[in-house]
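Visitor: Order-wise, the sequence lines are chains A and B. If you use this note's numbering, the first sequence corresponds to residues 1 to 299, in order. If you use this note's numbering, the second sequence corresponds to residues 1 to 435, in order.
None of these hints come from the bench; they were simulated from the model. Quick reminder that beta carbons are idealized off the backbone N, C-alpha and C, glycines included. Just so you know, not all the hints are guaranteed correct.
Stated by the list, open to error - Distance windows between CB atoms, simulated:
| # | chain 1 | residue 1 | chain 2 | residue 2 | range |
| --- | --- | --- | --- | --- | --- |
| 1 | B | D327 | A | I29 | 49 to 59 angstroms |
| 2 | A | P119 | B | S357 | 36 to 46 angstroms |
| 3 | B | E278 | A | V122 | 20 to 30 angstroms |
| 4 | A | Y36 | B | E81 | 49 to 59 angstroms |
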Amino acid sequence: MAHGFAMEKRVTFKGMWLPLLLIAPQIVITAVFFFYPAGQAIWQSLFIPDPFGLSMQWVGLGNFEFLLKDPFYRASFVTTAIFSTLVTVVSMGVALYLAVLADRLIKGSGTYRTLLIWPYAVAPAVAGVLWLFMFNTRVGVVTWYLGLLGYDWNHVLNDSEAMGLVVVASAWGRVSYNFLFFLAGLQAIPKSVIEAAAIDGARFWTRFRTIVFPLLSPTTFFLLVVNIIYAFFETFGVIHTITGGGPQQATTILVYKVYSDGFVGQDLGSSAAQSVILLVIVSILTVVQFKYIERRVHY
Amino acid sequence: MAYRKTVAGFVAAAALLGTSSAFAQTEIDFWHAFTGRLGELVAEQVDTFNGSQSDYKIVASHKGNYSETLNAGIAAFRAGEQPHILMVFEVGTATMMGAKGAIKPVFEVMGDGFDQSKYIGSVKGYYTSPDGNMLSLPFNSSTPVLWVNRDKLSEAGIDPDTDMSTWEQVSEVLDQLKAAGVECPMTTAWQSWIHLENFSAYHDTPFATKDNGFAGTDTELAFNSPAQVAHISAMGDWAKDGKFIYAGRRNEGGANFRAGECALFTESSAGYAGIKSEAEFDFEVRPLPYWSAVASEPQNTIIGGASLWVLEGHEAAEYEGVAAFMDFLSSPEIQAKWHQDTGYLPITAEAGDLTRSQGFYEQNPGTDIAVIQMTAKEPTANSKGLRLGSFDQIRGIIDEELEGVWAGDKSAQEALDSAVERGNALLRRFEQSAQ
Chain A
1 MAHGFAMEKR VTFKGMWLPL LLIAPQIVIT AVFFFYPAGQ AIWQSLFIPD
51 PFGLSMQWVG LGNFEFLLKD PFYRASFVTT AIFSTLVTVV SMGVALYLAV
101 LADRLIKGSG TYRTLLIWPY AVAPAVAGVL WLFMFNTRVG VVTWYLGLLG
151 YDWNHVLNDS EAMGLVVVAS AWGRVSYNFL FFLAGLQAIP KSVIEAAAID
201 GARFWTRFRT IVFPLLSPTT FFLLVVNIIY AFFETFGVIH TITGGGPQQA
251 TTILVYKVYS DGFVGQDLGS SAAQSVILLV IVSILTVVQF KYIERRVHY
Chain B
1 MAYRKTVAGF VAAAALLGTS SAFAQTEIDF WHAFTGRLGE LVAEQVDTFN
51 GSQSDYKIVA SHKGNYSETL NAGIAAFRAG EQPHILMVFE VGTATMMGAK
101 GAIKPVFEVM GDGFDQSKYI GSVKGYYTSP DGNMLSLPFN SSTPVLWVNR
151 DKLSEAGIDP DTDMSTWEQV SEVLDQLKAA GVECPMTTAW QSWIHLENFS
201 AYHDTPFATK DNGFAGTDTE LAFNSPAQVA HISAMGDWAK DGKFIYAGRR
251 NEGGANFRAG ECALFTESSA GYAGIKSEAE FDFEVRPLPY WSAVASEPQN
301 TIIGGASLWV LEGHEAAEYE GVAAFMDFLS SPEIQAKWHQ DTGYLPITAE
351 AGDLTRSQGF YEQNPGTDIA VIQMTAKEPT ANSKGLRLGS FDQIRGIIDE
401 ELEGVWAGDK SAQEALDSAV ERGNALLRRF EQSAQ
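Next up, chain B with everything else stripped away, as it sits in the complex (with noise of 0.2 angstroms):
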């Protein structure tokens, strides 16, 4: 900081901190997606880790969206100004992970003391390299789970304490919502997310062959399977009856929900915050609901959200400070608090064990089904995550496909198929860029 050179501010400096940490302080850059509510609190985050010691201070910067924060930090990383710490979202992980030169895997940068173990599973198996050891420090993730308006099943003559934990029972609440005159029986957000990704990896089936991409970037897509398509295929019926209504390749569809329209969304679990700030019924959280004809009880479902990766090209007493900063953000009560401000996910199971015997999850009941849902099964090669190349655009494909399928124009075997052959085309052009 330029302003910092002048005598001006460094006598204001030594006055105001009283003590030579002033300029003894290790600056570290922290590139981040955050706005809003989740801004303030990185900002307090970040504010309580720069008070907590003297010898690193954290410098956070806002960069923009997810996509936007990822851009700027390859341009940065190209024009030799990188920060040290960058959050990358999930679909951006296989991109960092091919960036070798580029990035400095975290359990290198946090040194030999390093106790991976503590992390939950599920939650850092997304950002794992196959042997097992964390590149990318999990920052904010959340899983996909179904929320219902009590009121709205109330209205229709259905009990709202109805067992929900399978898709078949859901098909059935739809027909008793349309059939009782309800406009919107269920809408979603994140399709692909949620009725491709998550569905796969719940039904423990494979969304992509070699470990979903874990084994290798010569990955091909497989979620063109008779289960996918069985999903898709009722998903498109119930459109074409009016029961499941689109409103959008994001989350669009959380206005619909929040004020009070449909019945049934499908969303993340993070989306607590939004529901209960504006929802004026009485809603709830209910896990996500499998095919029972598919699998006899559900695997885990998998993670969005993003991770901190640090990168390369910087002092190593600075990178002693990314680890310090690291963990501080591991440690039991910072988590915790995250977890219960956000609704995000905890990453280790300590900080999940104190927010229970805090009593939040009773206080606020439904905040723990997204934990339990990750975490009641150890997760298999088909539920550790994905990591494909180019699958932000493969999202965007599987977008395009799907609406096919919402707007009658395409079977889901068709839609899906197709997804599948112009996916793979990018996987083929991601291999040949990561060689």
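Looking at chain A on its own, in the form it has when it is part of the complex (with noise of 0.2 angstroms):
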């Protein structure tokens, strides 16, 4: 329909500065928290300075080089890549099942809601420890009923059972939040539309492939985004309390390895290139993702 006019409706500035002014607060934001501290990441990760910053001693690309020689290193991409996904894929799938659930309830749906948004309100570090708490090798109640069952659980020497725990710990979070967005989605969705596709016979399973899940594809790729960059950065307080990184190597994420190498270690120039790769690779990712996903979402 908007088609038909000629005339676009935009609202333009004359002169520049009022743009340049309203825009400024951003801008600034952007500069102080990202820009500068990206830039000093940047510097730093070109010397191997002394804690204190008492003097530098400037290596060039030597960090980076110390840094992709070590085969332990180039084993935390892989860990990365295993635990990002796992913990998107997981924490997504469990969010829209519930979604899908709630958004068919009619009674009570308040109630589910709320206690399914709860998680959400818990630190990283916090449930870490809950789930530690339960999975103890030694005391942990879950631990327990395994045994009971036969099961040996002992994840501080099982590479697996650690790796599973570190991803469930982080997903059960999330999806809270992953949750909420896919009913907001799913109740955005016109219900004519769906009520039309059941009159001409489409079961439930139909309906969702071929029409809610097309119209939710916003919202599953926003949260794709947003839910890999959680991966990536956010969930080194989960790791740092169940696992350590542990067993050997298992659990050792790349941002795991720039806090305990630059917080625990005082390794700030490691540290520090190691933030400038993970800055490199969650820009690739984002690229890709608006590049090659992105295309197929309907908006």
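Quick one: dock chain against chain with the hints and give me the complex.
Guide: Below is the structure:
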């Protein structure tokens, strides 16, 4: 309909000072909280400084060379890929399932929704401790039940069990967040479209596959980007409290290594170089997501 | 403090104290890492000192765990807001020593009349310069011992008084415990500290070259020699047979021991307070075992814990206050009380003697085991302590590699070789940063 009008309704400013002034706060915030620290990380990654800032040794790309030569650092890329994929798939899958169920509820949906949103309020480190208690190899309640079933749970020495535990603990709080967005997305889909399909004889699964899921794709895409960034950057609290990166290096993801080398090891040069590498990876991932996946999104 | 500057505050302070001391006092900042019972005991020491004189006022602040406290101190130094006294755990020693220009050595702060000989050699040794001067003041020091659940041994039909001085004897006890169906014959806390760092000192074997790093930052790790490999290999076999239960990298095993599940437990002597309050069984402290095949008798063990470092950038009068506080902390009465309340080692021989004369060791059998184990022999170059850069991370690497052994993925030799190689890479980086 709008194509009929040749004249666009566009508000324009005279001069350039007012628009600059209006976007200035956003630019200042981005500069102070993103460009400045990112620039400093790039600068620091070229040195080996002493912790107290008394001296700095210029090493050029030496920090990157040191890292990429280390087979344990390279292995942590694979660990990170597995971890992030699992966290994203688990947290989004479960959230979508719960959202579809909650969307169909007629009575008591408010209570369900409130309860499902609660875990989001739990800080990652606290979530880590909660799960750790349940799965503690000696006193954990889940471990005890598994023992009754004849399964000897020991995430302290078993790689896959450790990975499973940190994934579940990281995904748990995230389910709430994703649930909120999925539910809002589902409720925005016009009921008339779904009813029409139902009258045409489409069953629930067909309706979900051909109508609901495609119409939900903007939400899904948004959550995909946000969840991958979450898995990459915000999960170190969980890893720190549950496994400390172990057993061996089974759960040492890239961001955990940034934290432990920088804040525990006081190796600021290596930590800065790792941040730069992470920054590059996430930029590439985001570009790829917008270039290839966003094409399939129907707005 | 801003509120002090307000008139009301001034009047109130003057009214309460009644003298001019309210504004003549020099404030000394002291950042530490203690909470809970230990935090209360530190606060008590500070209050006692503040009450004992009117020139100085110690302001103690808790800054998180050991790593966080060190980080807070470093960040504050970079911002020019550093405290006078900073508590640093023993693995941070090389980092602090390397920070010339940031630290003021304790022997300098204490001045000419400072008698360094009254401090116990194996305690202060960890924190002295190559020429024997104290760079920081040992605050809380402990050393690993063997904790025994006597009831568990009796239940398994073993004489609870059986000799477990050597690992050979412990090995036999583990066999008997396993045969009797005990699910957790032995567990440990702090595996790197006890089974490699202390193991090396106790058997007078180097952990690293250059006198364990005391003689220079160009040190290299050396804990993959036959003695250590044999010990880790034996422990790997015990793990495989279910005689040694690995509970985690820190002191997770403590919960199992205190709950009465485990018969033997290698843990810090400072575990005393926790075990005493929770254990509902007859327990006992024994000296850490040694391998009679490696050494005819044990050397001394080394310490873990923290020391107090003095930071640069304050007024001379304030450093006099720091010296007065450190002198107070070193006094026999304060040290003896600290030693008895916490289970940490006394830092002076006088405090140990005072504790003995008060009858504390008789009333609390085993509490002197750690002191004897530390002081029975004069420390050697291998048993003075460790001074390695990036040591927190090196411990992390050792933890990872040892987990490979306990899981049966690696042999002891492979794991220790790998830990040495990876740790050396970090030592070279530290050497570069400390130039």
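Visitor: Does the structure break any of the earlier hints, and which numbers would those be?
Guide: 2, 4
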